[in-house]
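**Q** Each chain is listed here by its residues.
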Amino acid sequence: MTENDARTRVAAHVADHPGVYFSELVRQTDLAPGQVQYHLRKLGDAVVSREFHGRTHYYPPDCDAFERRALAVLRRETAVDIVVSLLRHGPTPAADTAERVDVARSTLEWHLDRLTDLGVVAKRRDERGRVTLVLERPEETAGLLRTVEPSLPERLVDRFTRLVDRLLAE
Amino acid sequence: MTPLRPVAHAAPSPDPALLGIHLLAGVGSGLLLALGVVALGQRGSRSYLLVVLALGALVARTLVSGLAMFGPLGPGVHHFAEHALDAMLATFLLGAVYYGRTTDSTSPTEDSR
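Just so you know, the sequences run in chain order A and B. Numbered according to our numbering, the first sequence terminates at residue 170, and the numbering increases by one at each position without gaps. Numbered according to our numbering, the second sequence terminates at residue 113, and the numbering increases by one at each position without gaps.
FYI, nobody ran anything at the bench for these hints, they're computed from the structure. Predicted model only: the values in this text are computed from it and were never measured. For glycine and all other residues, C-beta sits at the position ideal for the given N, C-alpha and C. Errors might be hidden in some of the hints.
What the hints assert, rightly or not - Partner residues aside, some chain B positions facing chain A, computed with beta carbon under 8 Å: (1) Leu35; (2) Val38; (3) Ala39; (4) Gln42; (5) Arg43; (6) Ser47; (7) Tyr48; (8) Val51; (9) Ala96; (10) Val97; (11) Gly100.
The following block holds chain B by itself, in its conformation from the complex (with noise of 0.2 Å):
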């Protein structure tokens, strides 16, 4: 088996478009995650927590890797705590597709037709 080339992505020396795409992803899950927060201050439901919490995850992937890129995370680190992120993001995601159910019925069901 060839012995993995070194990550490219975890290079000390960050080249420019990587750089680029880190800060778009970093602008873009950052808002999502401003969005999400507003939102759960107004909705205050578990379902809202949990989406929040995922983008969380999302913008916490952009920081993790970025501290790759610039050299305090090694690369077996960096590996490790991405998937684990990822795997945090479907929890998260399921359970708030889970508790959506539970939200959904507290609402009154005024008009039974």
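Pulled out of the complex, with its shape left as it was, chain A reads as follows (with noise of 0.2 Å):
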């Protein structure tokens, strides 16, 4: 494989998985670790990287802030679950999405702290005080589901944080 080979391989790969971890494009690419960060420096702008919570994600240039931010947290299997309950029954108090996504509590605001901090959803108050979970641009958002597939290993660990968090909290 030519260097050029290599480097249009990671180009295409962060384009066709817009925000996509370092570790998982250097499964994907069979590049070494050094030699994918070589050719991400190489590619100047047209990949850009943003870190979110301590992960870094990486990008095609196309994909506007909201989309990053959206894009990063829509990596976590449970996260999805979460938006697309929301995008079917509308504004829904906390408690009522948990049961609906059949997560405990303890997961949910996990991942609920992550989508607030990006800005994909956001907790409102009723009248009666309840916290009711809101997406802020549930069209955008619906639109990025598609992009995402998180791979099995990140499947894995947010399918083993949910057994864990619903053990424990028996």
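Each of the two chains sits in its own frame; use the hints to bring them together as a complex.
**A** Structural data, given as structure tokens:
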């Protein structure tokens, strides 16, 4: 594989999987971590990197700021489940969302911390003082759901935390 | 009382089936431990630490019995170590369950209904 091939492959993978992690990029392109790092540097403005909650994500340059934040958080299966539930049922109290998504309250809160921090979900108080979860930009978020495909290790970690949270919450 | 026969799973030359089962147990528990470590990295709670320690004990179980299979560990030590690890595993999991309650109550209970 020539150097150009490798660089094209890195750029193409980022374009197809906006918000991809570095480790995932290494695994999927069959390149060494050093090579990926080198090509990312050489690609310059053709690949944008952003760090959210301690992880670096890579994006094609045409992703706007909201898309970058949303794509970072939607890499987690449970976050997607929460967003889908809110799309389907509209603004919902937190407790009902936990029940609908079938996760422990601690799991929901952990994902909500990220979803609210990145501006995908907002917590609003209704007239009775209950916390209601609302999608900030439902249409845009719905459009992004199809773009994200979490890898098998990501899914397994997500499901592991779901299981452990639920077992410990009993 | 009939004396115990030398324990089959401590034979110095391992039979292939036993070796296969050990490999399976090693890979399986190793994967679980890896998942636990990544999850601990995300959550950083005491409960997750205890779950990781319990999974570590599970991995150590296979390691100990692997060592016994290839010789360096005598059957007595092997037996003791296995049961000690069982005790540790149970203790870690009980601890995780105990602290699970505290972890849960730290999450904001904002929607008081």
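**Q** If a hint holds in the structure, say so; if it doesn't, say that too.
**A** Hints, verified against the model:
The restraint placing Leu35 of chain B at the interface with chain A holds, with a minimum CB-CB distance near 4 Å, inside the 8 Å limit. The interface hint given for Val38 of chain B is met, as the beta carbon of that residue sits about 5 Å from the closest beta carbon of chain A, less than 8 Å. Look at Ala39 of chain B: its Cβ gets to within about 5 Å of chain A, closer than 8 Å, so that hint holds up. Interface restraint check for Gln42 of chain B: the shortest CB-CB distance to chain A comes to about 7 Å, inside 8 Å, so the restraint holds.
About 7 Å separates the beta-carbon of Arg43 of chain B from the nearest beta-carbon of chain A, less than 8 Å, and the hint is met. Annotation: Ser47 of chain B was flagged as interfacial toward chain A, and the flag holds, the nearest CB pair being 5 Å apart, inside 8 Å. Interface hint status for Tyr48 of chain B: upheld, as the beta-carbon distance to the closest one in chain A is roughly 7 Å, under 8 Å. At a threshold of 8 Å, the smallest CB-CB gap from Val51 of chain B to chain A is about 6 Å, leaving the interface hint in force.
A least Cβ separation of about 6 Å between Ala96 of chain B and chain A falls short of the 8 Å threshold, and the interface hint therefore holds. Nearest Cβ of chain A to the Cβ of Val97 of chain B: about 6 Å, under the 8 Å cut. The hint holds. Taking 8 Å as the C-beta contact cut-off toward chain A, the hint placing Gly100 of chain B at the interface holds, the least distance being around 3 Å.
Figure legend: structure checked against the earlier numbered hints; every hint is met.
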